[in-house]
Amino acid sequence: MINRNLEESIFKILMKGASILIVGSLFLIVITILVKGLSAFNLDMLTKIPNGGFYIGKEGGVLNAIVGSLLIAGGASVIALIVSIPIVLFINLYINNKSALGNTIRLGYDILFGIPSIIYGAFGFTIMVYFGLKTSLLGGIITVALLVIPIMVCTMDEIIKTVPGELHEAAFSLGTTRLETSRLVLRQIYPGLITAVLLSFARGIGDAASVLFTAGYSDNIPFALDQPAATLPLAIFFQLGSPVQEVQDRAYAAALILTIVVLLISIIARISSKIFSKNIV
Amino acid sequence: MKSETIVNKKIAEEKKTITDANHNGNGTPKTEDGSAALVHENKDNQELIHSHITVKNLNVFFGNNHVLKDINISIPDKKITAIIGPSGCGKTTLLKSFNRLLDSTNGTKVTGQVLVDNEDVYDPKTEITHIRKKMGFLSQRPFPLPMSIYDNVAYGPKIHGLRKRKKLDEIVEHYLKSACLWDEVKDRLHTPATRLSIGQQQRLCLARGLAVEPLIILGDEPTSALDPVSSQRIEELFNSLKDSYTIAIVTHILRQAKRIADYVVFVYMGEIIEHGPAKQVFESPKEKLTEEYISGIIS
Ligand SMILES: Nc1ncnc2c1ncn2[C@@H]1O[C@H](COP(=O)(O)OP(=O)(O)OP(=O)(O)O)[C@@H](O)[C@H]1O
Ligand SMILES: [Mg+2]
Numbered sequence: 001m002i003n004r005n006l007e008e009s010i011f012k013i014l015m016k017g018a019s020i021l022i023v024g025s026l027f028l029i030v031i032t033i034l035v036k037g038l039s040a041f042n043l044d045m046l047t048k049i050p051n052g053g054f055y056i057g058k059e060g061g062v063l064n065a066i067v068g069s070l071l072i073a074g075g076a077s078v079i080a081l082i083v084s085i086p087i088v089l090f091i092n093l094y095i096n097n098k099s100a101l102g103n104t105i106r107l108g109y110d111i112l113f114g115i116p117s118i119i120y121g122a123f124g125f126t127i128m129v130y131f132g133l134k135t136s137l138l139g140g141i142i143t144v145a146l147l148v149i150p151i152m153v154c155t156m157d158e159i160i161k162t163v164p165g166e167l168h169e170a171a172f173s174l175g176t177t178r179l180e181t182s183r184l185v186l187r188q189i190y191p192g193l194i195t196a197v198l199l200s201f202a203r204g205i206g207d208a209a210s211v212l213f214t215a216g217y218s219d220n221i222p223f224a225l226d227q228p229a230a231t232l233p234l235a236i237f238f239q240l241g242s243p244v245q246e247v248q249d250r251a252y253a254a255a256l257i258l259t260i261v262v263l264l265i266s267i268i269a270r271i272s273s274k275i276f277s278k279n280i281v
Numbered sequence: 001m002k003s004e005t006i007v008n009k010k011i012a013e014e015k016k017t018i019t020d021a022n023h024n025g026n027g028t029p030k031t032e033d034g035s036a037a038l039v040h041e042n043k044d045n046q047e048l049i050h051s052h053i054t055v056k057n058l059n060v061f062f063g064n065n066h067v068l069k070d071i072n073i074s075i076p077d078k079k080i081t082a083i084i085g086p087s088g089c090g091k092t093t094l095l096k097s098f099n100r101l102l103d104s105t106n107g108t109k110v111t112g113q114v115l116v117d118n119e120d121v122y123d124p125k126t127e128i129t130h131i132r133k134k135m136g137f138l139s140q141r142p143f144p145l146p147m148s149i150y151d152n153v154a155y156g157p158k159i160h161g162l163r164k165r166k167k168l169d170e171i172v173e174h175y176l177k178s179a180c181l182w183d184e185v186k187d188r189l190h191t192p193a194t195r196l197s198i199g200q201q202q203r204l205c206l207a208r209g210l211a212v213e214p215l216i217i218l219g220d221e222p223t224s225a226l227d228p229v230s231s232q233r234i235e236e237l238f239n240s241l242k243d244s245y246t247i248a249i250v251t252h253i254l255r256q257a258k259r260i261a262d263y264v265v266f267v268y269m270g271e272i273i274e275h276g277p278a279k280q281v282f283e284s285p286k287e288k289l290t291e292e293y294i295s296g297i298i299s
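Sequence order for the protein chains is D and S.
Counting with the numbering used here, you get residues 1 to 281 for the letters of the first sequence.
Counting with the numbering used here, you get residues 1 to 299 for the letters of the second sequence.
Extracted from the complex, chain D is given alone in its bound form (with noise of 0.2 Å):
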């Protein structure tokens, strides 16, 4: 009895533990970049782009990064969704689930899920020098998409497997199409696809390394695909590399604004997928 007391204590002590390290760790980085971040922030920050250079320069703002990270999140998780959905449904609805060829599938993805970002950066860097394109806007869209579409098929396969099989057997049964199947498929999982799109977003949005020889960096903001394109993650990279002190903070700054969008994305999939699953089962 004792002994069997002592185990409940000691894995409650592991579970409070690692609670605790979970929140505290959120906690301590929210505070630092609040802390070091704040003193540097204006809203000059947001709205203008840098003046007299970012790496030296104390002036202006990071809004060519802000809209250069916005266009290559958004552009890459949409060119992903459209890759995504198409192969979520054929493993899931078109193939045998468990055959050899899903299954392949499957390893696929999993295997470029944990490919690194650098290497996706690299890979992208190869593409675009020999068809001699210079580091874009397209590039870092089109590389941040090869980041996030395993990340999206991952999210969706989970969730497009928690659909009951009653929802095949109720369409099939009234006659439907395989694709008309489908669409009902994607209005039960609606919710659930517009948390992967989002999680998809977050993570483009904050990965430096796949941007970092593709989208080069610039401080005017890209008015077309093949201008380069700043972004935040290497706002932050090259302000903190900067030897002034006010351009290692205005990094702060920026991993602010970065921290602040993430959490607003995080928010709105909250919120959306609640209003949303209201038709769900």
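Just so you know, not all the hints are guaranteed correct.
As the list claims (entries may be wrong) - Result set (DSS-like, lysine-lysine): computed pairs, CA atoms no more than 27 Å apart in a straight line:
#1 S:109 <-> S:69
#2 S:109 <-> S:279
#3 S:125 <-> S:56
#4 S:109 <-> D:98
#5 D:278 <-> S:69
#6 S:242 <-> D:98
#7 D:278 <-> S:186
#8 S:186 <-> S:166
#9 S:78 <-> S:109
#10 S:56 <-> S:69
#11 S:288 <-> S:69
#12 D:161 <-> D:98
#13 S:242 <-> S:177
#14 D:274 <-> D:161
#15 S:69 <-> D:98
#16 S:177 <-> D:278
#17 S:109 <-> S:56
#18 S:242 <-> S:186
#19 S:164 <-> S:177
#20 S:69 <-> D:161
#21 D:48 <-> D:58
Claimed, not checked - Some chain D residues flagged as far from chain S (calculated, every beta-carbon gap over 12 Å):
#22 4
#23 11
#24 24
#25 40
#26 71
#27 82
#28 127
#29 168
#30 219
Source of the hints: derived by calculation from the structure; they are not laboratory data.
Quick caveat, the model's predicted, so the values are computed rather than measured.
The beta-carbon is built from N, C-alpha and C at its ideal position, and this holds for glycine as well.
Chain D is fixed; fit chain S with the ligands onto it per the hints.
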């Protein structure tokens, strides 16, 4: 007994065939396949022709698991057929084999034939959507589509090409009334169907199924998720629907089968042990197994 007449008297049989063929004429486009099957049937087994659903030498395997063994049965028209048998004997599998719902399951192999109005459901050339449309299916757990009450009923007619709003309104009202749900939902047709109670959901699923104008209703323990009052309503509904539809339900409640069935099919370990008019099967079963099951010795 009517059903006995069907089994025994060949002359009555052939008359029925003719009426049935006429009936097919207005609903189903007669394909070359269909008529070929008809000829083939004639010399093969006359007894089978008159029914909407005829199963011939059906075998179903889930991987290596031989779940249905050499099933031969025809489901009588415009009657309630109850499929009874112990848990795991293959009742659900048999019911789903009727409209090929099994091929959405993995590793399933089906051999033999299921003829619906003389079209083989398992013939690769058969267009399955139009056969499935003839059969409404009620699952054990009601599953409303992820949309409003109205859209649930209108969905079927819509995918089959009906677009006129007014006509759809009429259909929705008509079938919700047929399913005895109209009065309860008429003021909230555009709210999510999932907010209905389970019993209401099952009636909604029935209305949804009826709205595509099937000839057959299949129910897999359609009352098992329902409370006694809702179950009774569904039973009454089936009773009122059997004049216009062929109904086959799976049930594990013997008393329910006794209450509503005209015809009974007893399945045991993947085989049909006995089938016949309800009265005969329940009162003087021919097989010892049936007797033991009905008296509760095996379950
Ligand atoms: N998708 C499947 N894959 C593998 N085996 C299955 C599958 N569905 C059913 N089976 C097996 O087939 C057999 C018959 O199942 P079925 O669901 O038809 O039984 P049932 O008579 O409806 O039982 P119950 O009364 O419990 O619903 C069982 O042994 C079951 O384990
Ligand atoms: Mg069953």
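Going down the list of hints, with the structure as the test:
Taken as a hint, the residue 109 of chain S and residue 69 of chain S pair is honoured in the structure, with Cα atoms around 12 Å apart against an allowance of 27 Å. With a CA separation close to 35 Å, the supplied pair residue 109 of chain S and residue 279 of chain S exceeds the 27 Å bound. Between residue 125 of chain S and residue 56 of chain S the CA atoms are separated by roughly 18 Å; this keeps the pair inside 27 Å, and the hint holds. Our distance criterion of 27 Å between C-alpha atoms is met by residue 109 of chain S and residue 98 of chain D, whose separation comes to about 15 Å.
For the given pair, residue 278 of chain D sits about 44 Å from residue 69 of chain S by alpha-carbon distance, which is inconsistent with the 27 Å threshold. Our distance criterion of 27 Å between C-alpha atoms is broken by residue 242 of chain S and residue 98 of chain D, whose separation comes to about 41 Å. Under the criterion of a C-alpha separation no larger than 27 Å, the hint pairing residue 278 of chain D with residue 186 of chain S is consistent with the structure, at around 20 Å. A C-alpha spacing of about 16 Å is found between residue 186 of chain S and residue 166 of chain S, which places the hinted pair at or below 27 Å, so the restraint holds.
Pair hint residue 78 of chain S plus residue 109 of chain S does not hold up; C-alpha atoms about 30 Å apart against a cutoff of 27 Å. Only pairs whose Cα atoms come within 27 Å are accepted, and residue 56 of chain S paired with residue 69 of chain S is accepted, the gap being roughly 11 Å. For the given pair, residue 288 of chain S sits about 19 Å from residue 69 of chain S by alpha-carbon distance, which is consistent with the 27 Å threshold. Between residue 161 of chain D and residue 98 of chain D the alpha-carbon distance is near 12 Å, which keeps this suggested pair within the 27 Å criterion.
The straight-line distance between the Cα atoms of residue 242 of chain S and residue 177 of chain S is roughly 16 Å, inside the 27 Å bound, and the hint therefore holds. Distance check on the hinted pair: residue 274 of chain D and residue 161 of chain D sit about 20 Å apart at the alpha-carbon level, within 27 Å; holds. Proximity of residue 69 of chain S to residue 98 of chain D is assessed by CA-CA distance (about 25 Å); at most 27 Å being required, the pair is judged to hold. This hinted pair checks out: residue 177 of chain S and residue 278 of chain D have alpha carbons roughly 25 Å apart, not beyond 27 Å.
Restraint check for residue 109 of chain S and residue 56 of chain S: satisfied, since their Cα atoms lie roughly 15 Å apart, inside the 27 Å limit. Distance check on the hinted pair: residue 242 of chain S and residue 186 of chain S sit about 25 Å apart at the alpha-carbon level, within 27 Å; holds. With a C-alpha separation of about 20 Å, the suggested pairing of residue 164 of chain S with residue 177 of chain S holds against the 27 Å cut-off. For a cut-off of 27 Å, the pair hint linking residue 69 of chain S to residue 161 of chain D is broken: about 31 Å separates their Cα positions.
The hinted pair formed by residue 48 of chain D and residue 58 of chain D meets the criterion: a straight-line CA distance of about 12 Å does not exceed 27 Å. Against the 12 Å criterion, residue 4 of chain D stays outside the reach of chain S, whose nearest CB is about 38 Å from its own CB. The non-interface label for residue 11 of chain D is consistent with chain S: the shortest C-beta to C-beta separation is roughly 37 Å, beyond 12 Å. No beta-carbon of chain S comes within 12 Å of the beta-carbon of residue 24 of chain D; the shortest separation is about 40 Å.
For residue 40 of chain D, the shortest C-beta to C-beta distance to chain S comes to about 48 Å, beyond the 12 Å cut-off, and the non-interface label holds. Its beta-carbon lying about 33 Å from the closest one in chain S, residue 71 of chain D satisfies the requirement of being farther than 12 Å from that chain. The beta carbon of residue 82 of chain D sits about 22 Å from the closest Cβ of chain S, which is more than 12 Å, so the claim that it is off the interface holds. Residue 127 of chain D, annotated as away from the interface, keeps every beta carbon of chain S farther than 12 Å; the closest lies near 38 Å.
With a least CB separation of 5 Å from chain S, residue 168 of chain D falls inside the 12 Å interface cut-off, contrary to its annotation. With a least CB separation of 48 Å from chain S, residue 219 of chain D remains clear of the 12 Å interface cut-off, as annotated.
Of the hints listed earlier, those the structure fails to meet are numbers 2, 5, 6, 9, 20 and 29, in rising order.
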